[in-house]
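J.: Sequence:
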Amino acid sequence: MAKPAETRTAGRKALAKPSRSAAETEKIRAALAARRDELRAEYDQTLSEITELQRDRLTDSAGDDQADTGTKTFEREQEISLANSILERITQVERALERLDKGSYGWCERCGNPIPVERLAAFPSATLCVTCKQLEERR
1 MAKPAETRTA GRKALAKPSR SAAETEKIRA ALAARRDELR AEYDQTLSEI TELQRDRLTD
61 SAGDDQADTG TKTFEREQEI SLANSILERI TQVERALERL DKGSYGWCER CGNPIPVERL
121 AAFPSATLCV TCKQLEERR
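Just so you know, we're using our numbering here: the sequence shown kicks off at 1 and counts up by one.
Please note that a few of the clues may not be correct.
[What the hints assert, rightly or not] Here are the computed lysine-lysine pairs in the DSS-like style, where the Cα-Cα straight-line distance is at most 27 Å:
#	residue 1	residue 2
1	133	27
2	133	72
3	102	133
[To be verified] Per label pair, the in silico range of CB-to-CB distance:
#	residue 1	residue 2	range
4	122	68	28 to 34 Å
5	109	21	22 to 28 Å
6	134	21	17 to 23 Å
7	69	94	36 to 42 Å
Just so you know, the hints here were simulated from the structure itself, not pulled from any lab data.
Cβ atoms here follow ideal geometry from the backbone N, Cα and C, with glycine treated the same way.
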């Protein structure tokens with residue numbers, strides 16, 4: 001009897017990656033590029049707002065007590081965290097575009113199985129199938 005690892009490996013080799021048509025690939029590329037552009041615009045706007053709020057905080061800090069200073073610091077950290085989150089999503093979309101160019105888009109990076117179309121529709125930059133993602137989240 002074959003070991004489970006051997007069975008999985010053999011099963012992975014048996015899966016042939018069907019190629020997408022050029023039209024399908026371009027449709028996916030256009031959707032990913034549009035999402036990247038939206039996120040870049042959102043990131044630029046967030047940075048602009050952070051800069052403006054920081055300028056306002058610096059000019060309006062006279063008479064602040066420790067609670068005011070703490071609140072402003074907390075708000076600034078939240079804004080920076082939001083900007084970093086947007087930047088991470090941009091990176092994910094750019095990585096998805098790279099995988100599309102390599103022909104590995106839509107395939108799980110861990111097990112090699114296809115990622116369901118529904119998952120890619122909901123999260124276009126997904127790199128793991130549902131099963132592998134669930135296993136990762138349990139760790």
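J.: Hints broken by the structure, by number, lowest first?
T.: Violated hints (numbers, rising): 2, 4 and 6; every other hint is consistent with the structure.
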